[in-house]
Amino acid sequence: MTDITKNGSAPLGAPGHQGIAEVVAKGLKKRYAAERRFRMYGLVAIGLALLILLVLFTTIISNGIGAFFQSKVTLDVPLEVSEIDPDQTGDLDVIGKANYRGLVFGSLRADFPGVSGRSNRRALTGLLSSGSDFELRSIVLDNPDLIGTTVQAQVSLSDDADMFLKGNMTDVEVSAGDGTLAMTEDGVLSGGVYAFGNVFIDVKAEFARKADEAENSIAQNQRQLGRIDEELAVTASRLENADDEAQKTTYADTLRNLETLKANVNASLEKLTSDATDFRTRSQSDAGEETLDQSMPSYLVVTNDGVFKILTVTRDKVTTEIVSPPSSLDSSADWQIVKLQTPETDRRLTDKQIGWLHLMQDRGQIESAINSAFFTTGDSREPELAGIWGAAVGSFWTLMVTLVLSFPIGVMAAVYLEEFAPKNKWTDLIEVNINNLAAVPSIVFGLLGLAVFLNVFGLPRSAPVVGGLVLTLMTLPTIIIASRAALKSVPPSIREAALGMGASRIQAMTHHVLPLALPGMLTGTIIGMAQALGETAPLLMIGMVAFIVDIPGGPTDPATVLPVQIFLWADAPERAFVERTSAAIMVLLGFLITMNMAAVFLRKKFETRW
Amino acid sequence: MSDVTMAEKDAENTPKPEKVVQADPKMMGRKVSVFYGEKQALFDVDIDIVEKQVTALIGPSGCGKSTFLRCLNRMNDVIDGCEVKGSITMDDGDIYDPTVDVVQLRARVGMVFQKPNPFPKSIYENVAYGPRIHGLASNKAEMDAVVESSLRRASIWDEVKDRLDQPGTGLSGGQQQRLCIARAIAVEPEVILMDEPCSALDPIATAKIEELIDELRTNFTIAIVTHSMQQAARVSQKTAFFHLGNLVEYGETETLFTNPSDERTQGYITGRFG
Chain A
33 MTDITKNGSA
43 PLGAPGHQGI
53 AEVVAKGLKK
63 RYAAERRFRM
73 YGLVAIGLAL
83 LILLVLFTTI
93 ISNGIGAFFQ
103 SKVTLDVPLE
113 VSEIDPDQTG
123 DLDVIGKANY
133 RGLVFGSLRA
143 DFPGVSGRSN
153 RRALTGLLSS
163 GSDFELRSIV
173 LDNPDLIGTT
183 VQAQVSLSDD
193 ADMFLKGNMT
203 DVEVSAGDGT
213 LAMTEDGVLS
223 GGVYAFGNVF
233 IDVKAEFARK
243 ADEAENSIAQ
253 NQRQLGRIDE
263 ELAVTASRLE
273 NADDEAQKTT
283 YADTLRNLET
293 LKANVNASLE
303 KLTSDATDFR
313 TRSQSDAGEE
323 TLDQSMPSYL
333 VVTNDGVFKI
343 LTVTRDKVTT
353 EIVSPPSSLD
363 SSADWQIVKL
373 QTPETDRRLT
383 DKQIGWLHLM
393 QDRGQIESAI
403 NSAFFTTGDS
413 REPELAGIWG
423 AAVGSFWTLM
433 VTLVLSFPIG
443 VMAAVYLEEF
453 APKNKWTDLI
463 EVNINNLAAV
473 PSIVFGLLGL
483 AVFLNVFGLP
493 RSAPVVGGLV
503 LTLMTLPTII
513 IASRAALKSV
523 PPSIREAALG
533 MGASRIQAMT
543 HHVLPLALPG
553 MLTGTIIGMA
563 QALGETAPLL
573 MIGMVAFIVD
583 IPGGPTDPAT
593 VLPVQIFLWA
603 DAPERAFVER
613 TSAAIMVLLG
623 FLITMNMAAV
633 FLRKKFETRW
Chain B
10 MSDVTMAEKD
20 AENTPKPEKV
30 VQADPKMMGR
40 KVSVFYGEKQ
50 ALFDVDIDIV
60 EKQVTALIGP
70 SGCGKSTFLR
80 CLNRMNDVID
90 GCEVKGSITM
100 DDGDIYDPTV
110 DVVQLRARVG
120 MVFQKPNPFP
130 KSIYENVAYG
140 PRIHGLASNK
150 AEMDAVVESS
160 LRRASIWDEV
170 KDRLDQPGTG
180 LSGGQQQRLC
190 IARAIAVEPE
200 VILMDEPCSA
210 LDPIATAKIE
220 ELIDELRTNF
230 TIAIVTHSMQ
240 QAARVSQKTA
250 FFHLGNLVEY
260 GETETLFTNP
270 SDERTQGYIT
280 GRFG
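So the protein sequences, as listed, match chains A and B. For the first sequence, the tail end lands on 642 under the working numbering, and the numbers increase by one without skipping. For the second sequence, the tail end lands on 283 under the working numbering, and the numbers increase by one without skipping.
These are computed hints drawn from the structure, not numbers from a lab.
27 Å max Cα-Cα, derived DSS-like pairs, lysine-lysine:
| hint | chain 1 | residue 1 | chain 2 | residue 2 |
| --- | --- | --- | --- | --- |
| 1 | A | Lys280 | A | Lys294 |
| 2 | A | Lys520 | B | Lys48 |
| 3 | B | Lys48 | A | Lys457 |
| 4 | B | Lys94 | A | Lys457 |
| 5 | A | Lys455 | B | Lys48 |
| 6 | A | Lys455 | B | Lys94 |
| 7 | A | Lys636 | B | Lys130 |
| 8 | B | Lys124 | A | Lys520 |
| 9 | B | Lys130 | A | Lys520 |
| 10 | B | Lys61 | B | Lys124 |
Take these sequences, add in the hints, and give me the full structure.
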């Protein structure tokens, strides 16, 4: 006993033991440091991921939130009986065929009696959405009793007008005018000594900017000139030293070309120089009248329910083009200067159109309403009429087909492979191939669908049924792998218990193993479905990328799906589609997050512990 | 204690071996060899499982005792590459005969496993499952009766009668194992196989199970695999000692534990290897 104690305690006191403790202690610091470093790497990685996610979501939401709102204008539309239903039939067919476009346009023109001339009037009605007549039509069809009265109809503005009102077209600065403003019939406005001083200074600054630009170009041209001179010298000497005639001609040609180039550059230099001096003197001179051009920011003067566009400016007086005549020439009324930062040539609405919109805003006709069309309509070339409902329904049908096919097939395949198939090289081969299928690029499935489902079987193009078939091929491996993992995770003791009770293999499977594996299988299926919902590439191959306006009524109707709709809109040039793209992404993300949450929820709820 | 057993053993020593041969065995294994693929796990085992007695199979790990037990209700069928040679008969019928339905066999030869494995269902459903798949109860009242009597015979009725609808997995380990026994006897098997039924249990639960086994002996033929030699000595009438796939010795428990004829048995039961 004592021996054992001695032996047991001896190493503690022995020098060798202390040595080990020291070595360990020395290393400890390093080990802990490594641990802390590792934790830091992890935190940094997670932080970065969160940050990127945050940026992504902020961008998408800030870009897309506008699409959920649409600017609408309220118009007083007289629903003349003679216009809509001249024979007073009361028949909805007749009422539906009336010229609502004329009515809407007419009432907008009536709001701006001062707008004359064909092109101006077209510009005015161009502010309305091309679907505005349908909106009026549905108001009337919903309530035919309104015929004969004047309704206050709220109709959509065009996407360009909408973009301007949402601030996506140009920066707008409104400054209150100082003092009184005298007006003449032909649009000469004059006020206090410094009434237009700010505009004047702005214009001067603009000239200074242009002078800077011109001077930069001059410097560039001079550098170019230097290079040309060098080339000239080189070529000239080569010409002198040239031996044979052919070379001489070549050099002579080059020389001539260079001379021409030099002359051109010189000419432009001259022009630039004179411009630069001109702009510089104009920007520095304190007096005189300046003319605005289309490459400069535009200025509108708003007063007495009228709008003027400034053409020339001095400190106290401007000449203008009358965009919309004022109600009176009363000089004591309040007035404003509206500066449109983006030059007229760089935007899709003219100064006049913006002036009219501004007036409508001042009159309180414009408001931003929830964009219900976005959730209820199919695709359209007009952004303000385009919606995601068609794509959503297409996605629904496609996913239904996918689910109905892939879930039973996937689960049955998994059950067979996991529980019943003999373990031999054939089943091994099948297993390897299933795992490989999960890694096949999805576009390959699209090609397969095109070659087999469309060309061999002659199924309809662009139809959800084909999309569903293709996505089934793509989803199957995911479901099979997840289902097999779920089956594997059921403890063998449950299987043994059932078999030991005298249950047949099918009974043991359906009574005990399958119910326990089902939550895992469902989770796998939902994740597979979420993948399928976000899939674009294979659907492009089978024609689901077509421009389809109608809401699909079934799995064989032509349709498109949400991600393809996003793809199509992202391609569209209109600014308003940028907004809608992001909004559609938000909707798609919403669906995906919901589906994944459902998977997590199912797993949590039905998870069985042994 | 050893004195008493010795005395008993001495009294019964001589006639017993003949009895083994003469008694009408419930199940009989003759020249049973089992192969897992290339590997042979059992070599020509001859054993009789005597009716209404407890037969203990003992031996070191990997000696083939569980393999043999699982041959008795053909649970090895599920394992890929497992091949059984020789003959195992039950009431003179070969259970490996192609005409024998494995489902029917397992209804006659029930099994209790090493780890308590109740189904993740209610206690009632656990017991009712066997009778239900075999169609042993025609209505709810009959089923209730079967469930109650099975639970009573497994001496667990008093503990669970108020919570029959609660999951069987919520019981303690010992209760779960008794529930599994109740489940096994609910189909009125003729033979019950137990594969180390107490190895996952504490001594008190083990004692209860052993008591239960002793009671069940009056109605059922039992074969039990155990690692605990004390347990084999306590509960069994016959004992078979396996070593490296061979049946080394088979005989009356008393004889085998007190007067083993083979030195390997001697070595194992005295703890020299194992």
